[in-house]
Structures are given as structure tokens and as C-alpha cells.
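Visitor: The whole structure should be built from the sequences, with the hints applied where relevant.
Protein sequence lines correspond, in order, to chains A and B.
According to our numbering, the first sequence is numbered sequentially starting from 1.
According to our numbering, the second sequence is numbered sequentially starting from 898.
Some but not every residue of chain B turned toward chain A, in silico, with C-beta under 7 angstroms: (1) 918; (2) 920; (3) 924; (4) 1058; (5) 1125; (6) 1226; (7) 1295; (8) 1299.
If you are wondering where the hints come from, they were derived from the structure by calculation, not from laboratory data.
Quick reminder that beta carbons are idealized off the backbone N, C-alpha and C, glycines included.
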Amino acid sequence: MKPDAFIPAPRALWRGAALWGWFAYVVIALLAIPHFIVQYWFNQSLGFRTLFWTNFTTQAVMFLAYGALLFLAVWFPIRRYGPPSRFGGGTTLGIWLGTLGGWLYAGSYQQALLAFNGVPFGRSDPVFGRDIGFYVYQLPFWQTTLRALGIAAGGCLLFTVIVRYSKRQRLATPLAVVVTALLGLIITLSTYLGRYELLLRDNGDSGVRIGAEYLDLVGIVSRLNNVLVMSLVEAGLTVAACVVLLRLSRDHGTSLRSVLRGPVRVAGGLLGVELAFFLALVIKDHVWVSPNEPLIQQEYIQRHMDATLEGYRLDRVEVHDWEPPSTPLTPEQLLASRTIQNAPYLSSWVSYLEEPPDVQHYQRIALSESQMVYGPLLQTYDQQQKLRPYYKFLSVDGVRYRVDGEKRMFASAVRELPSRAFVGPQEWLRYWGSAALLFTHGMGLVMSPTNQIDETGSPLYVSKNIPPDITNPRFEHEPRIYFGEGLKDDYVLTNVRGLQEFDYATEQFREVITYPEHHPDGIAVNSWFRRLVFAVYSRDVTAFLFSRYIDHSRTKVHIRRTPIARAAGIAPFLFLDTNPYAFISEGRVLWMMNGLTTTDRYPYSFREMLGDKADERAVERFPERLVNYAEDAVKITLDAESGEIRFYQVTDDPIISSWARIYPDLFVPRTAMPADVGNQLTYPLQWFHVQFDDIYKRYHQRHPLEFYNVEDLWDDADETIGSIGRGLSGFGTGDQMTFSYEGYHMLLDPADLPAGVEVNEGDDLQFALLMPFTPDGARNLRSLIVAFQDPGQYGRLLSLQIPQGTFVPGPEQVDAYIDNDRPVHQQVTMWIRHGSEVIRGNTLLVPVGGDLLYVETIWVNSLQNELPQLKLFAIRYHDRITSDVTLEEAILRRSTR
Amino acid sequence: MTTPQDQLPRASDAAPGTTSLRGSVAWGYVFGFLLMLFVFLILLPDADGPSPWDAVAFRKGILETFANFRILDELADMGIVRVADIGEGFLNVDLDLIAVSNRKFGTAPFYLALAFISLSLMLRGIRQRMLASHFGFGHGVKGQISSYFFGRGMNLFFPFGPGDLAIARTLDGGDGTGEAAVDVVFHNRLFELLGIFVVLLIGLIYLGWGGAITTVLWTLLLTIAVVSLTQPLGWPTGQPSRWKFLANISAAFNGPALMAALKRLLASPVFLFGILVLSVAVLMMEIIGYWWIKQAFSSPMDDYVLMKDLAFVNFAVVIAGASITRILPYTFASFGIYETASVVMFWVMGEGFLTGITVTLLDSLLLNVFIFLFFIVAMRVNPCPSILETWRMFYQRSVKRVAA
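Guide: Structure, rendered in C-alpha cells:
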């Protein structure tokens, strides 16, 4: 037999493809099922079992309903018109497509839950008078469902045509008529629903950036009426198509031309009407609308501005004029300011390049793999407090505690033991037993005040070493960190047979510990079935199936150990601000996360991307989300040792109220929040960024014409930051860069705020989030945004605005003044000449006595290792720069010439 | 149920009793694209993404592949993608991917790759000439070499391998049924297979028992997979069972005929050895060409080397293993089948899907471009049969065979 390539029969090819299709189907199903089961156990272990069943039943109903419909859409035409030899193939194809379609449709279960449980917003849109909830809850669900039904009808029609065509039979059948009518109806309905989309439409460069404008609504020739015309045309075309199919299916003798003649004329006429209407719209736009902008659009611009401010919750910003006094305070008065006394010059955050990085940072990306621009405290903690090779600090956060009756701010970092998935196959994590059974937890919080340094310029620790050495009983805490930011994609097993976990290193050996059995977290591995499920889920097949360490009577597996993964695993509908921070509450270390409810379907509101920004960038990424409405609605705490997670509902926003109605057991009311937790709330950083850096900088202009002409656009202020040079050879390496401000925390004395700002919290210091703005294209200060974060004032937003015609230098200009100051210049040059690295720190804007003082820190780093020390303070106040080794001395230098 | 009146009389209808293979031909194209979709939609997306269907992960994988191809910055220049939200474009690209795209391109290895790939193809043509000469085609060197590239070119565009018929027709100048012409085609395939076998054997011996066992298992699994898809090609008159894997492999590759041919060739050992050495050299040149193309798109200066930890022997084993799928004609240019097999083999060797896909696509692209060029040249320098007529003949022959 010689080789003889040929084209096989379709049936023969189908057999091979079907075999592999079924193989893939079974494999995917076998891999997917364990995830469902583990999700159930996970919810159960944390007390959220009902939440699982709510989701599961909704998904199951949607999957079965649409899967069955799609199956019928494929199977029925083949069964009805195909040869018996293809019935099996039809069933196979129906099951595959039904499963795939059902699965995809079930993926929109959150839309379905909201559509049937949505709490009204209590506000109506200005065009149709419908509650905003209709656009947020119902409209997306019905659009998805209509699309799904359209796919099913289209599929049914397609398979009817294929089967009939393959048998050389007439395409027109009663089934084809019915399905065509259904498809036409679905398309017509979808188009008709599209009228509501006018309120969500992106108008590109128009003054009305989102939503219906003049051309959409006014007069007979409008886009709104165009939608109506299109719906009628589609309905007419559907009728014409059905008439043609009906005639073809009944009359076998008539020629195709005579059958088509009438309906084609009707269809042509309908399309002509639609085309004429469309042309009239274009002419109206060019002749009547565009030449009369913006006056003709004012009403709609106003709607857009108002809706955007509502959507981004910026309608509650309090605007205060701020003109710094012309007479400076004396150094003694400055030093008496509690805001200055608490100035957080040991910055409790790390500055990274934005993700994605700006074009201006391209050179840095090309030269260095690190995207960290500035994080001296993180480096110092790493040098002084890491202590053992397996620990790591992943971020430093600013927290506040009341110590001896006084509120104080601290930098705080968790000493974590990151997972293999995070740090790679390090020596101590190389083996499964080490990674999963031994090195299970980190050890303790490291803390230092943000306004104190020792004589060498290093932080003064109030919690340090292993086991934690704590200077104040207020900071006593359970140090074991089983849940942390660096525990990505990994699991640990506790209470295993014959082995205890590594706890911490002692003077010459180590301590061991067993995870407390009474903690609720952890899924019991108490049967061979569970071992099998986890073997597939974790893909560590041999370990789970054959390890003798697993004791069915008490071993537990702990999964989803990062705060973000754990919260998202329970409440995937929330947007999680990816800046979890740890604090001490009643002797336990808790992680705090901000959860936001979002939608991108708020009528007339501008859309922006909510996600990770430069400062405090997440160790663990969370997908960005397009939004035009959001609310800082949920505060989530996670116990770092026990894994217990709580979702506190802190607002009555309609979306979170809807979710609370759907999942009645999920949220804890704010009134039940412990005081310790309430005192640690922070405003979500990423939300703050979007609110002000993306929206308010434009939408603070309140008059439609001012807004249309963009007369007062702002920009986030920049500062110069980073390494000035590393010895003479590395001088001017380009590491120092202009870097945009993000929100930074500070303790503010209300007395230091400009006159007219009432805080009404006595003389209590306020933990606030600040962010400066300059005019776009200029560098003088235009506004300082302040967000209060303490109980009683939480969420209050201020915009302290410098009058447009008044010059107050912006941070970048102050950086230039400091650069050119002779003593600072001499000192920096001397350090660099002697082979040190000099790092330019953050420039703080400190409100003091209704005035403004700038503080910049200068850090010196050894070239041998990364141990930055704070060596110089430069302040700028009323046109004068002074500098010294402490802030107090730098201020006192003002009294000398 | 349908009635006789339902039947639409059509002039193009086939005569009663004949089989239409249009569905198979369409499937031959669709299947290739489905496999490529599988590669791009399932394998490529970032493993860290929330799910394989996640749009962000999908986009990232595709864009990273473009960046690895060094064309992402060009796409940005053309306004097809925009960088970090700046400029025009359909997709927003992170700046670090532009940095990847801007990495140095190795011109010297690229030229070496071109040289090696073209040489390997030329040597295959020469092998055909030697076989033709051995089986009695005494004259027309140009025609004998051209026939090979004409055949490969046909396979580039049409599924199920009409190239064999094209070669036979070019050689015998008729309908391609001449015994000698068929022998040449058959033996060319035989030596291609033997070359792969020898390279695999050497590679596996070098890898040792531990390294070889996984590779052999996966190669076997992939071969079984491809054979089970193309089973009808090996069993013209039916099939024994889909579960008799080894018998199916043997049938798919015309095992008995191959063995018989090998026995016959043993009668002229010098010829056998010479062609075998040539076949191994041809395959090695192709592999080295692919290696160079991988190196051309690596950039040691930027600390970016595609498949940094993959030794050359492993690389050779992957290419040789994946090349088995090219012997069995199914999709046009083995589109989708070769790429999937190659990516999976790279994965077996510990390489990520992203780099696997990058290298595989570069290999396929380079080889197919060269085949196309040689195809054009072959048609220019030598009178070849009509492409469409050859395809029609192939189709009609298949119809008869399937009907039988």
C-alpha cells in the first residue's frame, strides 16, 4: 500500500473531532467541579454558606435555563430536518454549545441578582423620569438576556439553514418562519431599549461628554426618535422576511422573483426612510447644533456636570477660599503648632511608578527593573528589622493610635513570610513540606512614630524584634501572621501528624507551634474525597493523596491567604482598594480593606478607570474597573492569625443596600463596628485619586460655560523625588524625577486650618488625607484637598482654594528654591563627593495657623547597602529656606540671619 | 419530515450516490483556526489572570506576543495601539511592553536563520532529485527539484495534502498515478520520518532516562492525538478501533508499506545511508535555523533571552517531535496542528506558553514564507500543472475513494 493522501468523508473527520471534544469537555468539567466544591467549603468555613447557595442557585438556574434553550436551538433543527445518522452529532453539538452558552450566561449572575433585588436610588433621570436603579440594575440584565436569546434564535436559524442546505432542501420551513419572527422581535426590542443608552452614551469631545445632548432630545428629528424609527424599520423588515419565508414554504410553484418582489419593495422603502431620517439628523447637527454651541447645550452640560459630581460623590465637597496671611508666624509659634509637632516626615508610604508607567518614565524602565522611586522607611525596616532570611516587609502604612490620651501617627509594617508563589523557590521553601507545613506564618508588626528619629536619623521603634519587643502595652499583639499580602496563590496545612510549625528563631534554635484548633478558618481535610478534591484544586496531586502528614481527624488546609483574595473570594462584586494595611485591635493584628460599590451606568456621569495608582501600590493587583458612580461603602477586616473576615456596611448607598438585601448574612452594620476598628478607618486611596485627580480637577468648575471652555483646569502637583546621585560617578544618573503627588496622611490640628473651616471635634487632632493641586500647565499652588478620616468627620471633603490671582508657590517650585539654597546645596554636594547616595524625600505641605509651611527631607544612603538615614530637614516658609538636622532646629534657624 | 416537493432542483447537484466532501474541506480550514484560537484564548492568557476568558489577561498575552515579535512599537507608530493612554489606537499598551518591543534585534542570527532554513529546504529538494533519480527519472534536474516545492506549496494552501499528487503529476507529467512518481513521493515521506526518528533517538539518548521518559510519553500522546484526528487518512476502508492506538499510528503512517520499503532499500545500503544522513542533516539545519531565529528575537544585552534555560538538545527534540505532525496532512500548512503540538512540547520542556507561542509562530512564519517563495520560483522555472486542476483532480479522486 502506497501513501495516498485524500480528503476523508466529513463523518469520519467528525468522529475524531468529537472524541477530542468529549475528552476536553470531561477534563474541563473535572477540573472545574473541585473549584465549586472548594468555594463551598471556603464559604462554609468562614460562616458564609448561605451566600454560596444564593450564588449557586442563581447560577444553576441561569445555566440550566439558557443551556437547555441553546441545546434545543441546536438539536431541534437537526432532529427535525436532518438525517437519522446526524442525530447523535446534533445531540453532541447541542450539549457542548448548551454547556458553553449556559456557563457564559450564568457568569452574569450578579446582574440577575441586582435586577430582581435592586434598591431604588430615589433619584430619576431627567429625560425618561426613570429611577437611576433601572439603568444600574435592570437595563444591563435585560440587554444581556436579549443578547443571549438572540444568539439562541440565530443559532437555531443557522442550524436549520445548514441542515436544509446540506440536503438540498428548501430553506423556508415553519420553524424558520417562527425563529425569524422571534429573532426580529428580539432585535427590535434591543434597539428600542437602546433609547435608554442615549443617557449613557460617550459623546467623545462634545461638551456633554456623557449622556443625551441637544441633538438627541429636541425636535422631531432627534436621535431619540431615530431609535423609534429604527425599531419600526426592524419590525417591518422582520414581517417582510417572515412573509417571504411563509410564501416560500407554502407555494412551491411560484418563482422566487415573484415571491420576493413585494417584500423587497417594502424593505427598500423602510431602509430608505431610515436613511432619510439619519441624513436629516446629520444635516441638523451641522446646520443647527454645532454652530450654536455651547449656548444651545448649556442645559445638557449642566446635567452632565451635576450627574458626574453626584456619581463621584463630589457634590458634598466643601469649598473654602484660602489666602495665606502676609505676616509670618514666629518660630516659637510654628513650633507650638501640633500639626508641625506631628508632621510625618518619616513617610509611611512607598512611591512607585504608575502602572502602566507614564511615557516620561520610559528611560527609568529601560534602565532599572524596579519601579520603586522612593521608599526609605521600607528599606530601613528591611535592613534593621527583617532579621531572618525568610521574612520580608512588603509595604509600610500610616496608622494612628491614641497613646496616653494623645492621637499619634505611626508607620507600621508586617513582618511576613511570603509564599513560594510570591518569592520563588527560595531555599527554605524549596520542598513541599517546608512551604506547606513548616513555614506557615510571619511574625509581628514593626512600628515607629512618623515624627521621631534617633541621632543617626533612623526610626525609633515602638514594636521591634522577634518575638516582638514592645515599648507600650497599647501595642501588645498576637504576632503570628497566617494571612498577609505576600501569601499569594498558596496554601498551608496546619495540625498535621507528627510535625509542628516553625514559629520563630530563638537564640540558637527555634520555637515551634501548632495552629489553634478552635479558630474557625481552615477547611478540614477529613476524608479521602476532600484529599482528592484538593489534589485537583491545588494541582499538588501526590502531596495531597499520599502525604502521611495529613491527619483526617484534625488537619486543616488554609487557602486564599491574602486579604484581597480572601475578600474577593467572598464578595467579588466589590471593588477592593488594593491598599490593605494592618493595625492592632484588642491585641490582635487586623488587616483593613476598603470595599467600594461601583457601576458605570449612572446616567450622564463621566466614566473613569478606578484602579491602582502610584503611591501605596498594591502588592497584589486587583483588576481595574470602569466606573461613573462609586461609593466608599464597605470596610473589611481580616484577622491576620485566625483568618476571620468581617464586612462592615458603612453607608446606605442603594447598591450596597441591594447587596445587603441579596446577602442578608454578609454585612455587619456600622453600629456593631468595634471602636478600635472605627478609629482606624481610612479613605480609599484609589477612589480619592479618581475623585480628585481625574474628576474634580475639571468638574470643580461649576458654570457650564466655564466648564465648556475649560477655564480653570487643575493638575495634581508634582514634586522632585528620588536619588540625586550615588557618589561622583553616579551624579545625575536620572533617578531623581518629577513625580506626581498622591494622597498622603497627616495629623491635622483644626486650629491650623484656614479661618472658616469648622471641624467641631474639639481640639482633637484629625487624621486627614491631603493632596495638592496646581493649575494645569503652571506650578503655583491652586488647591489643597483634605479628606477627614476620623469618626465623626469621616468622609468629609474640603477643597482649600488659593484665589486664582494669588501666587503661592507649588511644591515643585519649592523644590527648586531648596535646590538653589546655598547651605543645602553645599551639604548635598559634600555628601555626594564623599561617595554617598543622597535621596530627596517627600515635600510635605503643612497647614499651620491658617498659613502654609513646606518641609522637605534629605536622606543619605551608604553605597554599600540600602540603609537610608534622614540627615537634613529643609523648610520653606514665607520666602525663606532654612535647614538643619532636625525639624525643630530648621524652624528655629528662622530666628537667625 | 421532508417531502419530495422540498427538493430544490440544482444544476450543480452531484449525481445520486456520490459523496460531497465540501464539508471536510471547510473543516480542514476551520479546524486549523479553531486550534489557533485554542492556543491564543486558552493557552496564551496570563496564568495570573482571573480566568482564561478574562479580557485583560487575553489582551496582555496577545500584546506581549506582539512585543516579543518586536512589532508593538511599530503598531504604536501606526496608531493601531496607543501607549499608556497617549495617542490614537484601539488598545492601550503598557509602556514596559514597548520597552520589550524596543529590545535589540539580532540581525546576524536572523540572517543565519534565513540561510539555514533556506538551505534545509533546498537540500530537501535535492533529496527528492536523488530519489527521483533512484526510481528511474533520469532527466530534468530542475523539474525534479521544482516538483518538491510545487507540492509543498500546494500543501501550504490546501488541506489534506494535495501536494503529494502535485509532486507526482509534476514528475510524471500526467495524472500522477505512475508507479515511479508515487514511489518518489512515498520515499520522500519515509526519509522525512526516518530523519525525525534519528534526531529524536539521539536527543533522547542524550537526555537520559529521566529526561527522555516524559518527552517520549508526551510525543506519543501528541502523535496519538493527531492520529486520532486524522485516523480516516490511514484507514481508507474502515478502522479497527479507536482505542488501538499503536495500530492506528502504524496505519496512519502506512507502517507496513514503510517497513516493506525500508527492507527494499536495505538492498542498496550506501544509497540508504546517504539519503538518511542527508535527511538528518536537513532536519538539523531546520532546527538550527529555528534556534537562530529564537536567538535573533532574544536580547542578552537587555537580559532577555527567549527560553534562556532550554538546552539546544531539548529544543531539537521539541522541534523534531512537533515535526511528526507535519507528516500527516490535515489542515493547510499543518496550520494549528503543528503550532499546538510545538507549544505543548515546549511546555513539557518547562517553557511558558508565551515564549513557546512566540518561538513556534516565528518558526512557522519563517518556514512557510520560504516555502511560498520556493513555490513561486518553482512555478517560474519549470512548467508545473495547474494548481486548480490538481486540486480538482485530488478532490475527485477523494470523492471516488470515499464513495468506494
